[in-house]
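Chemist: Each chain is listed here by its residues.
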Amino acid sequence: MKIELTSHSSHIVIVITGEIDMSSSPELRARLLELIHKKPPVLFVDFTSVSYIDSSGIATFVEGLKGMMPYGGRLKFVSIPPKIAEIFGFAKLDKVFEIHGSMDDALRP
Amino acid sequence: MKIELTSHSSHIVIVITGEIDMSSSPELRARLLELIHKKPPVLFVDFTSVSYIDSSGIATFVEGLKGMMPYGGRLKFVSIPPKIAEIFGFAKLDKVFEIHGSMDDALRP
Amino acid sequence: MKDRVRLAIPSHPRYLCMVRDLTVRMGKMTNIREEEIEDLKLAVDEACSNVIRHAYKGDTTKRIVVQFRISPRGLEVVIDDNGLKANPELIRGRDLDDLKPGGLGVHFIKRTFDCVEFDPKKRSGNRLKLIKYLTGQL
Amino acid sequence: MKDRVRLAIPSHPRYLCMVRDLTVRMGKMTNIREEEIEDLKLAVDEACSNVIRHAYKGDTTKRIVVQFRISPRGLEVVIDDNGLKANPELIRGRDLDDLKPGGLGVHFIKRTFDCVEFDPKKRSGNRLKLIKYLTGQL
Ligand SMILES: Nc1ncnc2c1ncn2[C@@H]1O[C@H](COP(=O)(O)OP(=O)(O)O)[C@@H](O)[C@H]1O
Ligand SMILES: Nc1ncnc2c1ncn2[C@@H]1O[C@H](COP(=O)(O)OP(=O)(O)O)[C@@H](O)[C@H]1O
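Residue numbers (this note's numbering), protein chains in the order written: chain A, 1 to 109; chain B, 1 to 109; chain C, 1 to 138; chain D, 1 to 138.
No lab work stands behind these hints, which were simulated from the structure alone.
Hints are supplied without guarantee of correctness; some may be wrong.
[Said to hold, decoys possible] In silico SDA-like pairs for lysine to any residue, Cα to Cα no more than 20 angstroms straight-line:
1. Lys95(B) to Lys100(D)
2. Lys92(A) to Arg127(C)
3. Lys62(C) to Arg6(D)
Chain A on its own, in the form it takes in the complex (with noise of 0.2 angstroms):
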């Protein structure tokens, strides 16, 4: 796995290439919610060259957005490949994070 930080219209993205599993999700862990400390109104995780993510990850970013609830931030992902997107739904977490195609339809008001 491999995280980069890139900005789209003044927003964060968090870029993630590769698999996230029990070995890679404590940096992610780690990336994300030293983001959150700073309180971000929104995060964008951009999702497209994502090959894999199991409990750990899906859990890792649960907590993320539990840590952006309480002042009102939003988590969105972006181009969720339908693999991963399948999963989301299974977990019923396709309602609970914002899920967009793309970074211009995340910005759409």
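Given chain A's structure and the hints, the job is docking chains B, C and D with the ligands onto it.
Modeler: Chains B, C and D with the ligands only, in chain A's frame:
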């Protein structure tokens, strides 16, 4: 491994996809020897989508070439990925097989 | 033993990718449908993650042994550890409507495998037996 | 045993892809250079192919055990079989100028591994030890 036969300017092109290893090379051998049995003057092999070749795959092509030599047939390899080209070079087979960058190169007289 | 594939790894998360690769290869060899192979990979990964997390309490220096056996009806996966005995009655995924981190692994395992059981004959440690039948073979 | 990864497969060529996957993962974990990983994969595959072809004379129902151990200096791969004892003096690749099918496997193994030896202590069957040092660690 998957083998498809196509043609290019009325020549037979063997298009191979995937891994040529000890498990798949018997099938390649059967197909190749069957074709050579008909004594084609030239036989093209398209390596574009070959991701791996081991010594049993190479042995298969050496056997094919030896079957074509008596009647003056020619075995031409096209679009060999760099890693596989390196293996042919190491085995001193880059001078034995006719190796071309593209079908157009291979057809140039 | 003849048709078995057996992989033994340290109980460290960095080896789980090897279990996943092998699971995919065994799934394909069993002719499990392409769409189900990803679920199979996730399910076996989750079962091994649970061994690290729960049976070994995060100790990464122990062993996990994963065995695969193909039968005409499907694929059997057996996972052995030497960790704390699991109490099958306490193994339960979280309520999916109760949002909290964790508690999804068991759901992923159960939705893929037709049979999930701890071998009661195993004296110390655990042996988890997972069976996935080919579609229409149940 | 703690840092070892161990894969046991039937001596059938269709399982060699699993050995290759695992070899790539272990090579990356050892920090072997990207360009050398492909050679490493080929070399371990060839060593296992030779077990099927020569030690087992094509019998696909026997066992092959491949073990990997990472050390600070590099990667050790140990391949065990229960087949015919190899005579190391007769193991030799073909002259590369003498065009004929076969006889390349040993060349591929030797160009990758710094150390290639049959364990003389093994009573029946064979144990082939292969060591690849990290560049600059010889
Ligand atoms: N191999 C195991 N040994 C002991 N307990 C386990 C094992 N697997 C799961 N459990 C128990 O079942 C619960 C649910 O497991 P799971 O759905 O994988 O979620 P998580 O591991 O994230 O808690 C765990 O919290 C644990 O109490
Ligand atoms: N594991 C082995 N056991 C016994 N003999 C072997 C083994 N590996 C290689 N040999 C011998 O060394 C020769 C060269 O091996 P190799 O270069 O792999 O070519 P090939 O297997 O195509 O003949 C083989 O023909 C065989 O006689």
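Chemist: With reference to the structure, classify each hint as holding or not holding.
Modeler: Hints and how they fare:
A hinted pair counts as satisfied when its Cα atoms are at most 20 angstroms apart, and Lys95(B) with Lys100(D) qualifies at roughly 14 angstroms. The hinted pair formed by Lys92(A) and Arg127(C) fails the criterion: a straight-line CA distance of about 30 angstroms is larger than 20 angstroms. Distance restraint check for Lys62(C) and Arg6(D): the Cα-Cα separation of roughly 14 angstroms lies within the 20 angstroms cut-off, and the hinted pair is therefore satisfied.
Violated hint: 2 only; the structure is consistent with all others.
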